[in-house]
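*Asks:* Residue strings, one per chain:
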Amino acid sequence: MVNSGGQLFTIEGIAASLIMLATVFIVVNTTSVYTPGDTHINDMQLEVIGSDALKMMNTPENGSVGKSPLALIVENDNQTAFYTIFKNTLNNRTGTQSDTIQFRADVSYINATGVLNSTSLNRSRSLYGGEHAVHISQWIIVDKTTGSGILPDTVNGKHAALVEVLLWRD
Amino acid sequence: MARLKDDTAQWIVLMGFIVSFSLFFLAIVLNQSTVVGQTTAEAVSEFPKEDIRGVRNVVIQSMFMDTTDQTRVQNEIRNLSLSRQDAVVSFSHTHDPIGPQSYYFIHYNNGVSAYNETWTFP
Numbered sequence: 001m002v003n004s005g006g007q008l009f010t011i012e013g014i015a016a017s018l019i020m021l022a023t024v025f026i027v028v029n030t031t032s033v034y035t036p037g038d039t040h041i042n043d044m045q046l047e048v049i050g051s052d053a054l055k056m057m058n059t060p061e062n063g064s065v066g067k068s069p070l071a072l073i074v075e076n077d078n079q080t081a082f083y084t085i086f087k088n089t090l091n092n093r094t095g096t097q098s099d100t101i102q103f104r105a106d107v108s109y110i111n112a113t114g115v116l117n118s119t120s121l122n123r124s125r126s127l128y129g130g131e132h133a134v135h136i137s138q139w140i141i142v143d144k145t146t147g148s149g150i151l152p153d154t155v156n157g158k159h160a161a162l163v164e165v166l167l168w169r170d
Numbered sequence: 001m002a003r004l005k006d007d008t009a010q011w012i013v014l015m016g017f018i019v020s021f022s023l024f025f026l027a028i029v030l031n032q033s034t035v036v037g038q039t040t041a042e043a044v045s046e047f048p049k050e051d052i053r054g055v056r057n058v059v060i061q062s063m064f065m066d067t068t069d070q071t072r073v074q075n076e077i078r079n080l081s082l083s084r085q086d087a088v089v090s091f092s093h094t095h096d097p098i099g100p101q102s103y104y105f106i107h108y109n110n111g112v113s114a115y116n117e118t119w120t121f122p
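In order, the protein sequences belong to chains A and B.
Under this note's numbering, think of the first position of the first sequence as 1, with each following residue one higher.
Under this note's numbering, think of the first position of the second sequence as 1, with each following residue one higher.
Isolated chain B, as found in the complex (with noise of 0.2 Å):
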């Protein structure tokens, strides 16, 4: 301060400005906890876990059907997916030309999230 020559002053000065200063970062931290929060609840909910879950899991009751049920069911998945998940879902399987394994590929997509799995069986 101009013109300050009184040693007390200075330190009611100095820790006037600590003081302020604590208070601004602390009112940052207590800013961004409320932000930390929001973040890490909106991206739990935009990840379609439960839906890719849902998807795999009929799509492979789906693999072991009758194949007059299974071409039905099937194109009902894709065409649920699409239309009430808003997701692109596409299936396939082959036959292990020497062994006994069947490999099923499963993908997702919403735009967003993507999602592919190569499921062996047995």
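Okay, chain A solo, but in the shape it has when bound (with noise of 0.2 Å):
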């Protein structure tokens, strides 16, 4: 060949192109598209506001030694105080407009022959399985006393168990 010019070109444009191509394929590689949904961030901060609303109502008044709010309610089976206290926590916000959380609310207990059991609580609308819900859950040891309808299949006497609560935004 006379001339290498063209060679040179030639090589140079194909390391230029490949170049571009590693570039392309690296920036489009490194910015793959996150939804909020899949970060987990929503969830965390729905699972913080639940844990705490169940919490505050699961310390007893006044820092007394007596029973939590929770644990009278269950106590009491009075599932329309729970609706009330809970949806109000969760959505009451500064301003008119509430927020949307939605929750299920169960009590899970161990029965007499040791088998667990779990009685509803109050739910704010019904789970159809496309919400995309968090659980939390709180403690708390119930007295159940004669002619008391709660936890049933279960003898008089305290027993522990565990408010569980599914929290979902609309």
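Note that these hints are calculated values from the structure, not bench results.
Just so we're clear, the structure is a prediction, and the values are computed from it rather than from any experiment.
Any given hint could turn out to be false.
No farther apart than 30 Å at their CA atoms in a straight line, the calculated lysine-lysine pairs in the BS3-like style are these [said to hold, decoys possible]:
hint : chain 1 : residue 1 : chain 2 : residue 2
1    : A       : LYS55     : A       : LYS67
2    : B       : LYS49     : A       : LYS158
3    : A       : LYS67     : A       : LYS158
4    : A       : LYS67     : A       : LYS144
5    : A       : LYS55     : A       : LYS87
6    : A       : LYS67     : A       : LYS87
7    : B       : LYS49     : A       : LYS87
8    : A       : LYS158    : A       : LYS87
9    : A       : LYS55     : B       : LYS49
10   : A       : LYS158    : A       : LYS55
11   : A       : LYS144    : A       : LYS87
12   : B       : LYS49     : A       : LYS67
Reconstruct the complex from the two isolated chains, following the hints.
*Replies:* So this is what it looks like as structure tokens:
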């Protein structure tokens, strides 16, 4: 070949195209699109709000050694009180517009034969399966007395129970 | 560039490189910011902070009951932790033979996180 200039241009062109291709590949690869749901940040925040609300209900009034409002609600099977307190704690905001957090609460306990059982406490909406819910729970100790209908199939006396709540946003 | 003789063109090429590299690094920074949020949120959600606190509270409450209630409640705590929180919980206590103290040993393990505590009373 008389003139080697063309070869130099070809090599340079190939090198440049490889560099550009690699850059495009790396850039497209690194900026993969995360939707907010992928990052679980919303889940974490919802979990914190929910467990704070539930923990607040599980604190005895005025720091006394008595039972917490949550334990009393379960002992008296007061589903309306649970609905009102929990829904307001979760959803009240500054201003008139309230938040839209929905919940479904159950009480899990061990029955007399040692088997796990669960009764419904209350819910703000039914679960249909499409909701992306987070799970929170609080331990309570309830005192079952004669004639009380709570925790079916258990003997009278003190029982450990777990208030379990599923939370999601509409 | 092959046979590039003009000084001005060299500057253009250099600036092109600088701009493309800075864009590339900005893309990496942007990418890392979302990943950092995700790993933080996952780490926070995975650690059973509230479960451990709850078990600790209810175990300590159960230590001050009369024997019939205590045996039943403590069995229920172990059973419920295992079935609803996927955690093995065990606890026991001893009295100091000379002092007034009681020592309560609380253990929690869900396979990922373990928690052990010796709680002294009074």
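*Asks:* Now tell me, hint by hint, if it's right for this structure.
*Replies:* Results of checking the hints against the structure:
As the CA atoms of LYS55 of chain A and LYS67 of chain A are separated by approximately 13 Å, the hinted pair is consistent with the 30 Å bound. Restraint check for LYS49 of chain B and LYS158 of chain A: satisfied, since their Cα atoms lie roughly 26 Å apart, inside the 30 Å limit. Between LYS67 of chain A and LYS158 of chain A the CA atoms are separated by roughly 12 Å; this keeps the pair inside 30 Å, and the hint holds. Restraint check for LYS67 of chain A and LYS144 of chain A: satisfied, since their Cα atoms lie roughly 13 Å apart, inside the 30 Å limit.
Only pairs whose Cα atoms come within 30 Å are accepted, and LYS55 of chain A paired with LYS87 of chain A is accepted, the gap being roughly 14 Å. Under the criterion of a C-alpha separation no larger than 30 Å, the hint pairing LYS67 of chain A with LYS87 of chain A is consistent with the structure, at around 21 Å. Using a Cα cut-off of 30 Å, the hinted pair LYS49 of chain B and LYS87 of chain A holds, with the two alpha carbons roughly 24 Å apart. The hinted pair formed by LYS158 of chain A and LYS87 of chain A meets the criterion: a straight-line CA distance of about 28 Å does not exceed 30 Å.
Distance restraint check for LYS55 of chain A and LYS49 of chain B: the Cα-Cα separation of roughly 13 Å lies within the 30 Å cut-off, and the hinted pair is therefore satisfied. For the hint pairing LYS158 of chain A with LYS55 of chain A, the CA-to-CA distance comes to about 20 Å; that is within 30 Å, so the pair holds. This hinted pair checks out: LYS144 of chain A and LYS87 of chain A have alpha carbons roughly 26 Å apart, not beyond 30 Å. Proximity of LYS49 of chain B to LYS67 of chain A is assessed by CA-CA distance (about 23 Å); at most 30 Å being required, the pair is judged to hold.
The earlier numbered hints are all upheld by this structure, with none contradicted.
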